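Asks: Each chain, written out:
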Amino acid sequence: MSIEMKPGPPATETTGQPQSPLATSAPPPARRRRRRLSPLSLLRWMLLLVATLAFTYPLLWLVSASLKPKSQVFDNKLVPETVQWSNFIEVWDAGPVLRWLFNSGVVSLMAALAVTFSSAFVAFGFAYFRFRLRGPLFGLLLATMMLPGAVTMIPVYLIWHQLGLIDTQVPLWANNLFGSAFYIFLMRQFFLGIPRELFEAARIDGCSHLGLFRRIALPLCRPALIIVFIFELQASWSDLLKPLVYLQTEEYFTMPRGLKQIVDGFALSGEYHWEIAMAATLVATLPMIVVFAFAQRYFLEGLATTARQG
Amino acid sequence: MAERTGPGRLQRRESRAAYLFIAPWIVGFLVFTAGPMVASLWLSFTDYSLVEPAHAVGTANYQQLLDDPRVGRSLANTFVYAALFVPLGTVVALGLAMLLHGVGRASGFFRTVFYLPVMTPAVAAGAMFLLLLNGQRGLLNQVLGWFGVTGPNWTTDPAWLKPSLAIVSLWTVGGSIIIYLAALNNVPRQLYEAALLDGAGPVRRFVSVTLPMISGALFFTVITHTIAAMQMFDQAYTMFYGPQQKATASDESLVYMVYLFQNAFEFFKMGFASAMAWVLFVIILVITVVQVRLGNRFVYYEGGSTR
Numbered sequence: 001m002s003i004e005m006k007p008g009p010p011a012t013e014t015t016g017q018p019q020s021p022l023a024t025s026a027p028p029p030a031r032r033r034r035r036r037l038s039p040l041s042l043l044r045w046m047l048l049l050v051a052t053l054a055f056t057y058p059l060l061w062l063v064s065a066s067l068k069p070k071s072q073v074f075d076n077k078l079v080p081e082t083v084q085w086s087n088f089i090e091v092w093d094a095g096p097v098l099r100w101l102f103n104s105g106v107v108s109l110m111a112a113l114a115v116t117f118s119s120a121f122v123a124f125g126f127a128y129f130r131f132r133l134r135g136p137l138f139g140l141l142l143a144t145m146m147l148p149g150a151v152t153m154i155p156v157y158l159i160w161h162q163l164g165l166i167d168t169q170v171p172l173w174a175n176n177l178f179g180s181a182f183y184i185f186l187m188r189q190f191f192l193g194i195p196r197e198l199f200e201a202a203r204i205d206g207c208s209h210l211g212l213f214r215r216i217a218l219p220l221c222r223p224a225l226i227i228v229f230i231f232e233l234q235a236s237w238s239d240l241l242k243p244l245v246y247l248q249t250e251e252y253f254t255m256p257r258g259l260k261q262i263v264d265g266f267a268l269s270g271e272y273h274w275e276i277a278m279a280a281t282l283v284a285t286l287p288m289i290v291v292f293a294f295a296q297r298y299f300l301e302g303l304a305t306t307a308r309q310g
Numbered sequence: 001m002a003e004r005t006g007p008g009r010l011q012r013r014e015s016r017a018a019y020l021f022i023a024p025w026i027v028g029f030l031v032f033t034a035g036p037m038v039a040s041l042w043l044s045f046t047d048y049s050l051v052e053p054a055h056a057v058g059t060a061n062y063q064q065l066l067d068d069p070r071v072g073r074s075l076a077n078t079f080v081y082a083a084l085f086v087p088l089g090t091v092v093a094l095g096l097a098m099l100l101h102g103v104g105r106a107s108g109f110f111r112t113v114f115y116l117p118v119m120t121p122a123v124a125a126g127a128m129f130l131l132l133l134n135g136q137r138g139l140l141n142q143v144l145g146w147f148g149v150t151g152p153n154w155t156t157d158p159a160w161l162k163p164s165l166a167i168v169s170l171w172t173v174g175g176s177i178i179i180y181l182a183a184l185n186n187v188p189r190q191l192y193e194a195a196l197l198d199g200a201g202p203v204r205r206f207v208s209v210t211l212p213m214i215s216g217a218l219f220f221t222v223i224t225h226t227i228a229a230m231q232m233f234d235q236a237y238t239m240f241y242g243p244q245q246k247a248t249a250s251d252e253s254l255v256y257m258v259y260l261f262q263n264a265f266e267f268f269k270m271g272f273a274s275a276m277a278w279v280l281f282v283i284i285l286v287i288t289v290v291q292v293r294l295g296n297r298f299v300y301y302e303g304g305s306t307r
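Protein chains in written order, with the numbering used here: chain F, 1 to 310; chain Z, 1 to 307.
What the hints contain is simulated information worked out from the structure, not anything from laboratory work. Keep in mind it's a predicted model, so treat the numbers as computed, not measured. C-beta: ideal position from N, C-alpha, C; glycine also. Hints may be right or wrong, so weigh each one.
[Stated by the list, open to error] According to the in silico footprint, chain F covers these stretches of chain Z (three or more CB under 8 Å from chain F):
{"hint": "1", "stretch": "60-68"}
{"hint": "2", "stretch": "224-233"}
[Unchecked claim] Once the Cα atoms are required to be at most 20 Å apart in a straight line, the calculated SDA-like pairs of lysine to any residue come out as:
{"hint": "3", "chain 1": "Z", "residue 1": "Lys269", "chain 2": "F", "residue 2": "Lys77"}
{"hint": "4", "chain 1": "F", "residue 1": "Lys77", "chain 2": "Z", "residue 2": "Leu144"}
{"hint": "5", "chain 1": "F", "residue 1": "Lys70", "chain 2": "F", "residue 2": "Ser41"}
{"hint": "6", "chain 1": "F", "residue 1": "Lys70", "chain 2": "F", "residue 2": "Ala54"}
{"hint": "7", "chain 1": "Z", "residue 1": "Lys269", "chain 2": "Z", "residue 2": "Leu144"}
{"hint": "8", "chain 1": "Z", "residue 1": "Lys269", "chain 2": "F", "residue 2": "Val245"}
{"hint": "9", "chain 1": "Z", "residue 1": "Lys269", "chain 2": "Z", "residue 2": "Gly108"}
{"hint": "10", "chain 1": "Z", "residue 1": "Lys269", "chain 2": "Z", "residue 2": "Tyr62"}
{"hint": "11", "chain 1": "Z", "residue 1": "Lys269", "chain 2": "F", "residue 2": "Leu158"}
{"hint": "12", "chain 1": "Z", "residue 1": "Lys269", "chain 2": "F", "residue 2": "Leu244"}
{"hint": "13", "chain 1": "Z", "residue 1": "Lys269", "chain 2": "F", "residue 2": "Gln162"}
{"hint": "14", "chain 1": "F", "residue 1": "Lys70", "chain 2": "Z", "residue 2": "Ala39"}
{"hint": "15", "chain 1": "Z", "residue 1": "Lys269", "chain 2": "Z", "residue 2": "Gly242"}
Bound-form chain F, shown alone (with noise of 0.2 Å):
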């Protein structure tokens, strides 16, 4: 990621700034003229409609497929025929899901807000000093986003097994109380469009380091601290590599690793009850769903200001 951001300042002077990332959405298009619908930007409204259906039919598909009954999945018509709640029960009997969605829910939570504030705690070290090794250390950091985590992961596994602390959930958050290298480059953007006299005048006026950071930075960076909990949330909870590597307790899996678990005991084998795991599908996917229609804003502009920083 954003390889050509070598480190040090020059890079940062010029992308570094003050813009509020939440003030940067589309600009608004330069009024024209009511005009007629051209032959081209009729083609361009097809066009989108058909991405629109592509991009949008296969949820729905999900819902749909969730309610039919067994000998009916496959028919694709979008309102089933027979529409079968139990499916949803039946859910249920096949694993325990209410248990996988709560375990979801605490470790992608944890995950989310561990990284959050420990990514900003560093990144604020980065954006506000200026210290010898700074340079040398930030492009260290820079550098570490591009190792595939494969080469860490055996180590890593048994770090956490010396500790015994396989089949537990600890290892799916933890290491992100050390700040991620991708959200401490985010965050540092953020705090260096802070004007410096603000920091500078509250120094001044007997300010300590923490509270630099607790009072002025911070608050002025809110959107940005949002931006990188949901995107942690949501890469938190859809990870299947780290809960296969780590947990084995049924009662402990994840909702992505007990859909995994259905979908090969329902779907692949056996009696292919699809609609069973249509269903558990939906119910994996449901929760982010409900996050994106509340962080919309923060999901798109997030990924706009990655786009112009990177």
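For this one, chain F is given, so just place chain Z on it according to the hints.
Replies: For chain Z alone, kept in the frame of chain F given last:
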């Protein structure tokens, strides 16, 4: 910066505070990155199954990498998947972003629509698409049928497993659309006006104005997508692997990370898996360096020289 901090004591106090702030990351880096890197490099020269202590085997693991046909197979599969998804994803996302650019107010609605699939957990997307891509009764083949095309058995025909993985990934390409749209919105209007005055047609405007101005965003997404594609795991594992399918799964869907995971946590060949991880690291490093080199030639950075 022009300002030099004055007395040395103050500066020392400042830098002590600085290190305090970045301490969490330094600790995390040592414990969860640097240490494990050294350990995994060492493990890659050992035979280790978690039960017995590791014992050194020299370069045997690396030798085995060459001997095990599934390593080469999985690497080739991963390359094919990346070569399908990265260009396709870039073109589709850029196309949609350009369609969106200029629809004015409605773009908000479409951004939501295109991003929504990204929220779907990879396992869920994989499970859904197993049905949607079903060869006999799946929705995709039904739609293709309307146009007289007989779709392949996406999820079972060995030749179509990687394209079907790419299709699932394409469905979640919304992030790039948002990024490109933001980049397009940042292209100064005057540039287009100037190009128009010079008599540049739409193709010329796209090639000479749009592409250079958004090349930074394109570069960023191509690099991150390539790195991610080389490590693709969730979807492939969901769709084609699991306790039941170990025997039946076709090697054509075996991507590198799935095989690495199996070696480490199903066969408990942790030394061998570590060697695989290092090879992957080197491959990703080489690809990224090449991409950055190439990119520096084409990417236009505003307010600076191109190099």
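Asks: Look at each hint and say if it fits the structure.
Replies: Results for each hint:
1. 60-68: It is violated, with 0 qualifying residues against the three required.
2. 224-233: Satisfied; 5 residues make the cut.
3. Z:Lys269 / F:Lys77: 47 Å, violated
4. F:Lys77 / Z:Leu144: 16 Å, holds
5. F:Lys70 / F:Ser41: 43 Å, violated
6. F:Lys70 / F:Ala54: 25 Å, violated
7. Z:Lys269 / Z:Leu144: Violated: Lys269 (chain Z) and Leu144 (chain Z) sit about 44 Å apart, past 20 Å.
8. Z:Lys269 / F:Val245: 14 Å, holds
9. Z:Lys269 / Z:Gly108: Not satisfied, since the Cα-Cα distance of roughly 50 Å exceeds 20 Å.
10. Z:Lys269 / Z:Tyr62: 13 Å, holds
11. Z:Lys269 / F:Leu158: Judged against 20 Å, a Cα distance of about 13 Å means the pair holds.
12. Z:Lys269 / F:Leu244: 17 Å, holds
13. Z:Lys269 / F:Gln162: With Cα atoms ~18 Å apart, Lys269 (chain Z) and Gln162 (chain F) stay inside 20 Å; holds.
14. F:Lys70 / Z:Ala39: 50 Å, violated
15. Z:Lys269 / Z:Gly242: Distance ~18 Å between Lys269 (chain Z) and Gly242 (chain Z) Cα, so the pair holds.
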